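Residue numbers (our numbering), protein chains in the order written: chain A, 2 to 248; chain B, 2 to 248; chain C, 2 to 248; chain D, 20 to 291; chain E, 20 to 291; chain F, 20 to 291.
I should point out that these hints are in silico values taken from the structure, not numbers from a laboratory.
Since we're looking at a predicted model, the values are computed, not measured.
Certain hints may be false.
To be verified - Straight-line distance between alpha carbons at most 25 Å, and here's what the computed DSS-like set of lysine-lysine pairs gives: (1) K154/F x K154/E; (2) K24/D x K36/A; (3) K154/F x K61/F; (4) K288/F x K204/F; (5) K265/F x K36/B; (6) K265/F x K223/C; (7) K187/D x K235/A; (8) K61/F x K265/F; (9) K36/C x K24/E; (10) K64/A x K43/E; (11) K89/A x K204/D; (12) K36/B x K223/B; (13) K24/F x K64/B; (14) K36/A x K61/D; (15) K61/D x K236/A; (16) K61/D x K89/A; (17) K64/C x K64/B; (18) K64/C x K64/A; (19) K89/B x K61/F; (20) K288/E x K204/E; (21) K187/D x K89/A; (22) K64/C x K24/F; (23) K154/E x K89/A; (24) K223/A x K265/E; (25) K89/A x K154/D; (26) K236/C x K61/E; (27) K89/B x K204/F; (28) K36/A x K33/D; (29) K236/B x K187/F; (30) K235/C x K204/E; (31) K89/C x K24/E; (32) K265/D x K223/B; (33) K89/B x K154/F; (34) K154/F x K205/F; (35) K224/B x K187/D; (36) K187/F x K235/B; (37) K284/F x K36/B; (38) K64/B x K24/D; (39) K36/C x K61/E.
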Amino acid sequence: MKNSNIQLIDESGKRVDGRYPNEMRRLRIEAGVLKNADGSAYIELGNNKIIVAVYGPHESTPKYLAEPDRAVIRCRYSMAPFSVSDRKSPSPSRREVELSMVIRQALEPAVFLNEYPRTMIDVFIEVLEADGGTRTASITAAAVALADAGIAMRDLVSAIAIGKVGGRLVVDLNGLEDQYGEGDMPIAMMPQLNYVTLFQADGVFTPQEIEDAFRMVADPIKKIYREQKRALKKKYVDVVREVEKSE
Amino acid sequence: MKNSNIQLIDESGKRVDGRYPNEMRRLRIEAGVLKNADGSAYIELGNNKIIVAVYGPHESTPKYLAEPDRAVIRCRYSMAPFSVSDRKSPSPSRREVELSMVIRQALEPAVFLNEYPRTMIDVFIEVLEADGGTRTASITAAAVALADAGIAMRDLVSAIAIGKVGGRLVVDLNGLEDQYGEGDMPIAMMPQLNYVTLFQADGVFTPQEIEDAFRMVADPIKKIYREQKRALKKKYVDVVREVEKSE
Amino acid sequence: MKNSNIQLIDESGKRVDGRYPNEMRRLRIEAGVLKNADGSAYIELGNNKIIVAVYGPHESTPKYLAEPDRAVIRCRYSMAPFSVSDRKSPSPSRREVELSMVIRQALEPAVFLNEYPRTMIDVFIEVLEADGGTRTASITAAAVALADAGIAMRDLVSAIAIGKVGGRLVVDLNGLEDQYGEGDMPIAMMPQLNYVTLFQADGVFTPQEIEDAFRMVADPIKKIYREQKRALKKKYVDVVREVEKSE
Amino acid sequence: MSESKSAGVLSLLKREVILAGLRKGEREDGRSLTEYREIEVKTGYVGKAEGSALVSLGDTKVIAGVKVDVGTPFPDTPNMGVQIVNAEFIPVASPVFEPGPPGEDAIELARVIDRGLRSAEAVDLESLVLVPGSKVWTIFVDIYPLDHYGNLIDASGLAAMSALLDTKLPVATVEEGEVRVSEEKKPLPIKTRVVYVTIAKIEDFLVVDPTFEEELAADARITYAVNEDLNICGIQKGGSGAFRVKELLDARDIALEVAPKLFEKLPGKPGA
Amino acid sequence: MSESKSAGVLSLLKREVILAGLRKGEREDGRSLTEYREIEVKTGYVGKAEGSALVSLGDTKVIAGVKVDVGTPFPDTPNMGVQIVNAEFIPVASPVFEPGPPGEDAIELARVIDRGLRSAEAVDLESLVLVPGSKVWTIFVDIYPLDHYGNLIDASGLAAMSALLDTKLPVATVEEGEVRVSEEKKPLPIKTRVVYVTIAKIEDFLVVDPTFEEELAADARITYAVNEDLNICGIQKGGSGAFRVKELLDARDIALEVAPKLFEKLPGKPGA
Amino acid sequence: MSESKSAGVLSLLKREVILAGLRKGEREDGRSLTEYREIEVKTGYVGKAEGSALVSLGDTKVIAGVKVDVGTPFPDTPNMGVQIVNAEFIPVASPVFEPGPPGEDAIELARVIDRGLRSAEAVDLESLVLVPGSKVWTIFVDIYPLDHYGNLIDASGLAAMSALLDTKLPVATVEEGEVRVSEEKKPLPIKTRVVYVTIAKIEDFLVVDPTFEEELAADARITYAVNEDLNICGIQKGGSGAFRVKELLDARDIALEVAPKLFEKLPGKPGA
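With the hints as extra help, turn the sequences into a complete structure.
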């Protein structure tokens, strides 16, 4: 987080892209967008464009990764070279390695892994365009792709960041706010069960702000969840019924 | 292909190294040049110097590559660092990766793969000096090395490039012609069965020139085939008899 | 070895750090310093600080490395990035690859490998600070760590370098002497059985100097051996008894 | 190292079904042998890229993005910009793609596209020099298949060419050897457009724009790159089978016949 | 690629033993749930490093070393020095560490430590510029666990912070754009100190400074980085389980409560 | 990571046969214990290389090529050219060589050859400086075994040394810090020649120039690099066995005895 002279909130309390502090960017989710994948989803959150493919449950490759009593989730978060301002090398960066892990850990609590012993479930995420908040948007889309693949889930996972710009908390940082703001706190939740499955922060937050962030995130999480269900419903009424039954 | 002011054909129709358009460079092939390898060949085509070793058919390593009904060919085309003007890094370049594949695909149609189920046949190619046309010379030598290893073959594979310099088609580009000429079209054929097993082109060719190229390549292919047989005969009269029987 | 104008031996025959030619640096060895490892040792030789962990004998990983009639030793010599003046990249250098091998080969003759068929014994060496002579100090410590792990040994291995500075042989080069001296000749011995298990040299030595070096190294090797036994005794009286029984 | 590809991916039965259709002049999806699947080209898809295109070829989807940067020229071409084509077969696109650095198939694809563009001199590389011998524009074309349902070469060619046609290059000025890149942008100079036509050989049949299953059934494939003059600016035979010369010439004729339909799908040249 | 971790490492029985203890408010080593193991910090351990520290946290041992070098700044921060944190899980430290390049766990550790330091602006990076835009100090912090008995994050945080506090930077002068590094050294400028508090969740229990076995028994963990103002300068949830919001806030309270005890173990700030 | 080598490659019976011969003072190919196989050195083999040599040592064949380039010196030796020796154990040469980056054996070989040359100051690196501290000649020596029938070290030493003796360096002039390389060439300056003598220990026998099977039967090997003054300029013990001191000194005597015969096979020094 680099403080700077860039003014990220104006006198009227509006942000650089005209949003209010508690306002998310435009969100669009589509399920079942790929033919090869067993499940898939496409998400646009502001300028972010991300595609997620789920393959599985299938036989574990390599075999030694298989677990006798449950499925193993393999997760790959990757950014296309043209998704960012300066071309990104296609080989995995340390950031991508970490995000592949925390995204996996954000999804695992929601999947009934024990239903699929000895199998592997692949979650492949490709960021086509990035503008702040790709990890949370990826989680949101990946949960839809898992459901689209017909995988049994306790709940969906809905995710969004709380950030800190101009000394105050705001919802859903865009790229500019992420770069010049004071803090970023991505949160993923199982919205029906009310559990936190991803929680990170950069920047400096007062102890009180941690609590405020959780209060602030509740509403956007609900909105995201509704959009996830809408996307699933649109193509797979049956699958949604399964998900709702578990609510 | 970079056009340039370098004159590659003089007024009398001769090329930079004094050859006529339809003239190949000096060709020399030797079979059975290595002791460890099951089959081997050495080729000189002009300044090109290439050695090929064949190991196999042997047990597949790793085992999962084995096919129940046929042999797997493993092919590696590699250039020594000192084979070119600017030292080449020993790690495989993208060009070497592609050439390993197209050379393998140029050889496979000629080998009775089904005779050797569950085995692997290694074709290792090392370019010791390169001067234009190493892929075709490698194929020519590899076919001899396969025969030298006693592997059952439908036919040999003989290969040479047709190129375009000074606006006209010529046989067997050398390094200078390759660098400054207008086009390069390497062709590999099974000379007795009359099948094309490798066909590529860089540069711009008219539709008619494609036909002309095939007409022009027939004679050099025959010459190469004769030299391949001569090399095999020289050391292995028996092996050659097998090859000729299949003609 | 770069000759230079730096005077490494003064008029009184003393070296840059005040030592006499046949004088070793201060040596300190401690056994059993790590809790996870099955055996471990820490060595300080002058400014060198090295830690060695031994894991095993354990099941071979990967399995194909296992030998039906004996243990396989896996050895890794590694320098921490901060152990040297200019930060060293953490990925293994060619020097580290070679040293991992020659250190393994220096230890193998001392271990009763046939006592542990189908197993693997790991020797992991981390140089925390380097000041000349890390390979010999690593061997000395690794032998202690192997004994500390309770692995049956024919003998310990004790190692030190003979060097050449100012035209004469000296014992135990420090970093400065190594950099500016005329030659370095690391030697590892099984001190009781009187076998040489590592022998290398850089720099120019007369044929006579090879003999002189072996004469000169005898006394320091004895000292090192005593210190190795002392370290083992200090914590594991029982293990030492085993070692002495075999003497 | 290149190894023979696994056979047995397509059942013999399935191959027989495909062949039975071809003998009647029919393909599974109802196309004629020289017909392409439906083509859709969407440029300007990625805002962060200097140029981009999302291409659908039936169910096959490929995205290509162009990034540009000021770099140094290759030593042997000091007065030309640098064009780099890269393809990643990301596991999103197919169960047969494994994560990791590009394998031989992805490398071949990138090199075939690159050579076609380069042979045709599609990008006017000579106009991309900023300081002769030391500073030139580097044009990165990254090709990412998103859904692999066959014929990645032609789809990638359309995506790469469309992305280049979509590319806006920043206006750069040079003062005392220092390059200044402004906010202003102008189209990347393109001299000609290129399309790629791939034809699979299944027994004795030549089939344009093969599906994934047709590719598995095929003995070999041949790709012709074609420029706007309807000359051939690249050839690549693929697969472990062989062609008769006549088949290659027939394929050439087919390529020249269908190329104009592909050009129609591409954006126009800048300034044209 | 990130794969689910193997379960079955800890026997169910062992997990039951740990839980039975926690239900009585007891841990196997006699600590309370919010108590750290004994902490020892030894700075100046490695003579060749510009700064170093060997830290023991009970049986867990971590060494960190700092090397400095004159380098170029990142393009987007031309007026700041460069801080690089790296961790290697060398096989010396644990039978679960395999030799090879850093895996996801080592990368996560390094990035968590790095972000905490960076968010708090612990190292005064702006004071490390030699020639604005072109020459700055690069500060490498290398973290090497030597014995892994649980809670590597907090131990590594103590080691990294202590090594930075121990670091002496050569005095450098710039003449006509050329940097001259003298023999003279002065302390690396540190603006604030940072500590990391990790709390494991085992069923409904929150346990500070988990041992290796407690980590295996845990559903998830949460780390708070805390600066000297007792503000939060970094958060990382780990593990495949989930937290209730209340648990995360309780953990925050615990972190703020124990942080001052960790600060006591650190060396003082230079000049303070 | 270095692992113990697989035993069982050579049958016990075969080892017994070799030993039975040695007890009678005989080797399988009729040589005495201190006799080399036939040596052939062919320089100027590769036209594109600045220097090259193809060496046969019986059935063992090694090619070495030298390439030169203008580069930057190592920071700690600003007034010396750079010598880089690399060896690749390409799978052409032996069924025991696997494709891929150099393993420990290839790295050891290259480093042993490099150190011998370097210790003897064979290449006059100080004469290879173009602009002190910034531009020097880099001399790459690449060693490629083509057929591995034992004793790669000595064969590689002959190949590397011969290739260096064959090397022609372009004449370079420096004007205002810029290096201009002309077409004219002169021999690479060589101060002394070096040969490598490797002796295998098979039980109590010391055997010069071991064949591949003798290497498999050997307990250990010792290599002495020898310069033209018949001093030792490099030593490397190899293998998992041990030597008595007397054996090492006997091997030294053998090395000094046979070295002159190897020097006879090398080209002469330039200008000599």
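Going through the hints against the structure:
1. K154/F x K154/E: The hint holds at about 22 Å.
2. K24/D x K36/A: 24 Å, holds
3. K154/F x K61/F: 32 Å, violated
4. K288/F x K204/F: It holds: about 16 Å lies between the C-alpha atoms, which stays within 25 Å.
5. K265/F x K36/B: Given that 25 Å is the threshold and the Cα spacing comes to 37 Å, the pair is violated.
6. K265/F x K223/C: 19 Å, holds
7. K187/D x K235/A: Given that 25 Å is the threshold and the Cα spacing comes to 37 Å, the pair is violated.
8. K61/F x K265/F: 37 Å, violated
9. K36/C x K24/E: Holds, because 24 Å separates the two Cα atoms, which is no more than 25 Å.
10. K64/A x K43/E: 41 Å, violated
11. K89/A x K204/D: Roughly 21 Å between the alpha carbons, so the hint for K89/A and K204/D holds.
12. K36/B x K223/B: Distance ~29 Å between K36/B and K223/B Cα, so the pair is violated.
13. K24/F x K64/B: Between K24/F and K64/B the Cα gap is close to 21 Å, so the pair holds against 25 Å.
14. K36/A x K61/D: Answer holds: K36/A to K61/D is near 19 Å, not above 25 Å.
15. K61/D x K236/A: 23 Å, holds
16. K61/D x K89/A: 23 Å, holds
17. K64/C x K64/B: Holds, at about 15 Å.
18. K64/C x K64/A: Status holds; Cα separation ~15 Å.
19. K89/B x K61/F: 23 Å, holds
20. K288/E x K204/E: OK: K288/E and K204/E at ~16 Å, within 25 Å.
21. K187/D x K89/A: 19 Å, holds
22. K64/C x K24/F: At roughly 14 Å apart (the allowed maximum being 25 Å), K24/F and K64/C satisfy the hint.
23. K154/E x K89/A: This hinted pair holds, its Cα atoms lying about 24 Å apart.
24. K223/A x K265/E: 19 Å, holds
25. K89/A x K154/D: Roughly 21 Å between the alpha carbons, so the hint for K89/A and K154/D holds.
26. K236/C x K61/E: 24 Å, holds
27. K89/B x K204/F: Answer holds: K89/B to K204/F is near 21 Å, not above 25 Å.
28. K36/A x K33/D: 20 Å, holds
29. K236/B x K187/F: Violated - the C-alpha atoms of K187/F and K236/B are around 37 Å apart, more than 25 Å.
30. K235/C x K204/E: With a Cα-Cα distance of about 40 Å, the restraint between K235/C and K204/E is violated, given a limit of 25 Å.
31. K89/C x K24/E: Not satisfied, since the Cα-Cα distance of roughly 31 Å exceeds 25 Å.
32. K265/D x K223/B: 19 Å, holds
33. K89/B x K154/F: 21 Å, holds
34. K154/F x K205/F: Holds, at about 19 Å.
35. K224/B x K187/D: Violated: K224/B and K187/D sit about 52 Å apart, past 25 Å.
36. K187/F x K235/B: 37 Å, violated
37. K284/F x K36/B: 23 Å, holds
38. K64/B x K24/D: 14 Å, holds
39. K36/C x K61/E: Satisfied, since the Cα-Cα distance of roughly 19 Å is no more than 25 Å.
Checked against the numbered hints listed earlier, the structure breaks hints 3, 5, 7, 8, 10, 12, 29, 30, 31, 35, 36; every other hint is satisfied.
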